[in-house]
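Peer 1: Given next are the chains, with one letter for each unit.
Protein chains: 4
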Amino acid sequence: MQNTFGNLFRITTFGESHGTAIGCVVDGCPAGLEIDLDFIQSQNNRRKPGQSTITTQRNESDTVEILSGVFEGKSTGAPIALLIKNKDAHSADYDHLKDAYRPGHADYTWEKKYGIRDHRGGGRSSARETAARVAGGAIAQLLLKSLGVEIYAYVQQVYTEAVPVGYDVLDLSSIDNSIVRCPHLETAAKMIALIEQAKTDGDSLGGYVRGVVKGMPAGWGEPVFDKLPALLGHGLLSINAVKGIAFGDGFESALLKGSQHNDSFYTNENGTVRTNTNHAGGTLGGISNGEDIIFTLAFKPTATIMQSQSSINTQNEPITLEGKGRHDPCVLPRAVPIVEAMTALVLADCYLMSKTNRLAI
Amino acid sequence: MQNTFGNLFRITTFGESHGTAIGCVVDGCPAGLEIDLDFIQSQNNRRKPGQSTITTQRNESDTVEILSGVFEGKSTGAPIALLIKNKDAHSADYDHLKDAYRPGHADYTWEKKYGIRDHRGGGRSSARETAARVAGGAIAQLLLKSLGVEIYAYVQQVYTEAVPVGYDVLDLSSIDNSIVRCPHLETAAKMIALIEQAKTDGDSLGGYVRGVVKGMPAGWGEPVFDKLPALLGHGLLSINAVKGIAFGDGFESALLKGSQHNDSFYTNENGTVRTNTNHAGGTLGGISNGEDIIFTLAFKPTATIMQSQSSINTQNEPITLEGKGRHDPCVLPRAVPIVEAMTALVLADCYLMSKTNRLAI
Amino acid sequence: MQNTFGNLFRITTFGESHGTAIGCVVDGCPAGLEIDLDFIQSQNNRRKPGQSTITTQRNESDTVEILSGVFEGKSTGAPIALLIKNKDAHSADYDHLKDAYRPGHADYTWEKKYGIRDHRGGGRSSARETAARVAGGAIAQLLLKSLGVEIYAYVQQVYTEAVPVGYDVLDLSSIDNSIVRCPHLETAAKMIALIEQAKTDGDSLGGYVRGVVKGMPAGWGEPVFDKLPALLGHGLLSINAVKGIAFGDGFESALLKGSQHNDSFYTNENGTVRTNTNHAGGTLGGISNGEDIIFTLAFKPTATIMQSQSSINTQNEPITLEGKGRHDPCVLPRAVPIVEAMTALVLADCYLMSKTNRLAI
Amino acid sequence: MQNTFGNLFRITTFGESHGTAIGCVVDGCPAGLEIDLDFIQSQNNRRKPGQSTITTQRNESDTVEILSGVFEGKSTGAPIALLIKNKDAHSADYDHLKDAYRPGHADYTWEKKYGIRDHRGGGRSSARETAARVAGGAIAQLLLKSLGVEIYAYVQQVYTEAVPVGYDVLDLSSIDNSIVRCPHLETAAKMIALIEQAKTDGDSLGGYVRGVVKGMPAGWGEPVFDKLPALLGHGLLSINAVKGIAFGDGFESALLKGSQHNDSFYTNENGTVRTNTNHAGGTLGGISNGEDIIFTLAFKPTATIMQSQSSINTQNEPITLEGKGRHDPCVLPRAVPIVEAMTALVLADCYLMSKTNRLAI
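Residue numbers (this note's numbering), protein chains in the order written: chain F, 558 to 918; chain B, 558 to 918; chain H, 558 to 918; chain D, 558 to 918.
Everything labelled a hint here was simulated from the structure, so no lab data went into it.
Misleading hints may appear alongside valid ones.
When chains are identical, the list treats them as one kind, so a pair holds in a single copy or across two.
Here are the simulated DMTMM-like cross-link-like pairs (lysine to aspartate or glutamate), alpha carbons at most 20 angstroms apart as the crow flies [as the list claims (entries may be wrong)]: (1) Lys814 x Asp758; (2) Lys642 x Glu707; (3) Lys644 x Glu622; (4) Lys881 x Asp820; (5) Lys702 x Asp595; (6) Lys702 x Asp760; (7) Lys814 x Glu879; (8) Lys655 x Asp725.
Whole structure, please, built from the sequences with the hints as guidance.
Peer 2: Here's what the structure looks like:
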């Protein structure tokens, strides 16, 4: 609930955009896992601001410190606390927002909910919170890697520019070869051009991120309320700016008939049960079937823009807001590791739950 | 977890398609709520099989019995148990499926997960389980109605036929005027024709259901992992056959720039804060802003079809499955009350949580 | 929370003393467990009213029906719903209590909490609710038996009569040889005489129940907040009338010095690690060490007595309450299976959790 | 679960005895609460080592830092992270324990559970973890104080020396007037003498802590599994070295008849419902009745002693352990703020839950 996610493999995050630090506590990680801090840091480096010309210029190293739960390089079963100190907070940039409600932001709703609001950099509602998720999610990724499960995410579309081919013909190891994190280089170049133009215009763009999970065992996900797509939906829709999620053929499924959409089973040469197609995106009845998990996320354009907008202040009077401060013209390149993190957290949880499904034989 | 949904307002469902009964326990309902059994039954009547020519012909009255938690017509704070007995189960129709894995169904994944499977009518993986959700969700709806919050769902698209206008120009009180539960009667007629053709062909169709919540207070939803869209996503993606969800402009959001997508605030003549547009679909930073909640769900075509399909048996050998038994050529008309139920369960939970957000003044 | 107990192996109970039925939903039971309905019924028979001359004369068969979750005699991983219909409710006996608050009962506190109260037989606050726990707990016991873990409870003390020897010199298979469920027959006879005298006097008695768990593996229980004694304490203190719990030497521990209380380790002839003494009662740092779990519960005397008492009514005016209806002069004989049930529920949960503690080797 | 405690008001703790830091995340604290860091620190000062001649000499300032969730001195509804750095860890003192299992400690059970163990200072199983609880619990205490609820704990008994009078004739504001935290000064002096002798002997002592809560509203606690004594039992039995808990008359209840134990109601001059006695210790049916909550906790003697003991090593071979390092001859004086903290956490949770019990009027 609230700031904790997961049932058995859980993270609890804390921290505000302009506070002392952000961080998380990872609880339920099985003992004996090698905790590779370099991998954790590398995922946070992919999320951190200032990493390229098309992201916000806030300058944070986002160095991850491990405070607990690791002994001689391995998890002990104790909670793993991870800390990231804030350094380059320009709180003064936000003074003019103390009494204003920015369109598209959580200023108004947070104040209606809590009656108090840390306006500096958006406080707790800032996407800076996701740095803690990336750090915690990286530990889930390490657990999954040890089981042969690999998670990929990439930018599928920015505004009107979309990758014209399926994930299965892309080289997923090349996602980071472009700063926009699109493995189709021709499309990547067009995306970058769109983002640079938006930046020049003081405007912002949205798009789609695609997620792919390979090496999935069959049998993960709970059959009723905690179907695998339901849990992934919960986790991924909790990422700032996400407005939709679709699994497998998603919204296109509706345009197929049952006789076309059903993925027929066969047994391959190794005796493994497979399906001839994967319209379903890797789950049946909410439980993984061993095929790749595939989903697509829609991100709205960044709410912060460098243009003047009409709004109201905390006395509900009309005001004009000027665009000031630093902003991301398009969050998608930095969203990629966040999507991986939330996916990993869900799957690690499902893995642990699956260990309790049946009597030991 | 598993068969329980919600944190403070919770339901736990039980029962299989061909067992003795299905039902649910509603826990956390505040004391003092008038429990209108007629309303609960009317929602289950909208979900029950055999209600029209375009649904499955299984004949169940789906009569809801209240076993506990209600005294002199009101909730007491004790758990409310609701029971629906199964009557028209034709288990023999499923004998040929005992050793088969049906494409698009949970037979294979359930067996991989649990090593045992009640094959009769799909057992626990049958959408019959949702009758319990509708009954429990109706109590959540009663709670929300007492607060002025009204939930609507309707069929927006079947296969290629879509309602050509927005929900705001439709008469939402007329949803049940057509058996397909589409309030745009011209489109409804076309949808029915499509479904009847699919039935004749032994095939099935999917489509979209749109959800609308009116009368929302600002301040519901938790700002990090339990954002309102995340909780709705969890609940709604747990409905059988749902493959995607989108809020507000959803996947179209990506095609707007930030300057176009941001919903600007104003104060209306009553002093209420409103937005000029509602691209966001009623939430900001995961918290309701008082505008209508709007979402769209994609349903895949029903997995059960009356055509022969290639598959495998439990020895992983190839087989041909014949289409037999009863089926829904399109589940969307019956899905409408299920969507309302899951929406209500999420919102009732958020309402209760919102009572703990701040110090009493 | 509220009417659900457990994390992975969970029960949700429902029902009032004079409602249609009581029951529970068992969720998280691993698939493949043989569900022995005779055992479940036998545990409920040990709890049911009217079983002997020293218990209340309410006449209930407490027949347990399984509604779901079992297929061909085995658990399927789906929730197991258990139903017990109420039959011999004499609601008219309680008419005089509609506007009264009985001393020692939950009438007043329930009304302050909820503003509404089902006064018939105590409604939801009646210990009749524990019949559902016994049924659900019996399934946990079946799971534990399959692992070699055996749970015993017996009456250690009634009022001033206590078993003069330790559990290790008693024949725990003989607990049901006396109607008071005390395996030390000489003491049992004295206890029965005390209870019969209390019945004659219209008064009631309390006492102690001792719990013993044999065959415990080392490693169950979570080391911080969910220490095994903490979870057992939670479950056992939730039983009506329990006022205290102590583990191992319990309150006597304080009268030993550390050099006396520490249980020293040794390795036995089979290479198993054991302790020379068991002052700790089977746990160290909240985790089982493989020795027998031992605890003692204090029960207050039954609140219902057949004597007149001064009290107040719902207008807060003084009244005199007459003793009417049926009552248990001493609840301890019937509490034995309830204690076993709650112990089993905690241990089954800890067992499932222990499967997620470390990486598979 | 595991390292998180509470449902609505929750803490998640982390950290080991000899790690970088320990700390906790407080989630669910209502917005608008004044966060008095001086009070938090004062509670930690009461728990910290080295505070007097009768406690361990480890020298830690246990300075609490607030990392998040507080803005302009008030809670914002965001999680409050609290950090305490470790300074005076003498890990080398524990080198000889790397391969040994200390009697009375969690070394053996932790290794059986997780297969890996941070032996330095007991790692996560050290009572040093409770510093985080004290810090988080202090915030719960601030919330409760704002509601007029005051929590007291004091040392009732050390080994054979007990306070000879009830809490109601003691001056609870004088608890800290003695280093042993017993408000009965004559008894306090005897307790101190006992502890000093145990220290000289290299031995350790246990005893009883009594808890008292004043200013309780009626209606807190949930009526079935989450009865107030059950939740308090869970929280308090999770404190290191606690072996028993009793409410009100506790184990003495069994020696009263129902006609003696029932607390009769009356209405006082202010129209408030009260009971003439308080044998029950402030709850009826698991729900607070407005009388003082009273409980007693049994602590075993400290496991660490400065004497040689026989034990086994990690190869299960017999060894003799020498007493080395620093130790508390009696943990009770330092346990007082821990007891207050866990009590406050439970009550804050119950308070928030009670806000959802009934429809707003």
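Peer 1: Give a verdict on every hint.
Peer 2: Going down the list of hints, with the structure as the test:
Proximity of Lys814 to Asp758 under the C-alpha cut-off of 20 angstroms is restricted to the inter-copy arrangement: shortest distance 11 angstroms between copies versus 44 angstroms within a copy. Within a single copy, Lys642 and Glu707 get their C-alpha atoms no closer than 29 angstroms, and across copies no closer than 36 angstroms, so neither meets the 20 angstroms cut-off. Taking the closest pair of Cα atoms, Lys644 and Glu622 come within 20 angstroms of each other both inside a single copy (14 angstroms) and across two copies (17 angstroms). Proximity of Lys881 and Asp820 under a CA criterion of 20 angstroms is satisfied inter-copy only: 19 angstroms between copies versus 51 angstroms inside one chain copy.
Taking identical chains as interchangeable, the C-alpha atoms of Lys702 and Asp595 lie at most 20 angstroms apart only when both belong to the same chain, with a minimum of 15 angstroms there against 46 angstroms between chains. Neither within a single protomer nor between protomers do Lys702 and Asp760 lie at most 20 angstroms apart by alpha-carbon distance, with minima of 39 angstroms and 41 angstroms respectively. For a Cα distance limit of 20 angstroms, the shortest separation of Lys814 from Glu879 across copies, 17 angstroms, qualifies, whereas the shortest one inside one copy, 51 angstroms, does not. In the homo-oligomer, the alpha carbons of Lys655 and Asp725 never lie at most 20 angstroms apart, since the shortest distance is 48 angstroms inside one protomer and 35 angstroms across protomers.
Comparing the model with each earlier hint shows violations of hints 2, 6 and 8; every other hint is respected.
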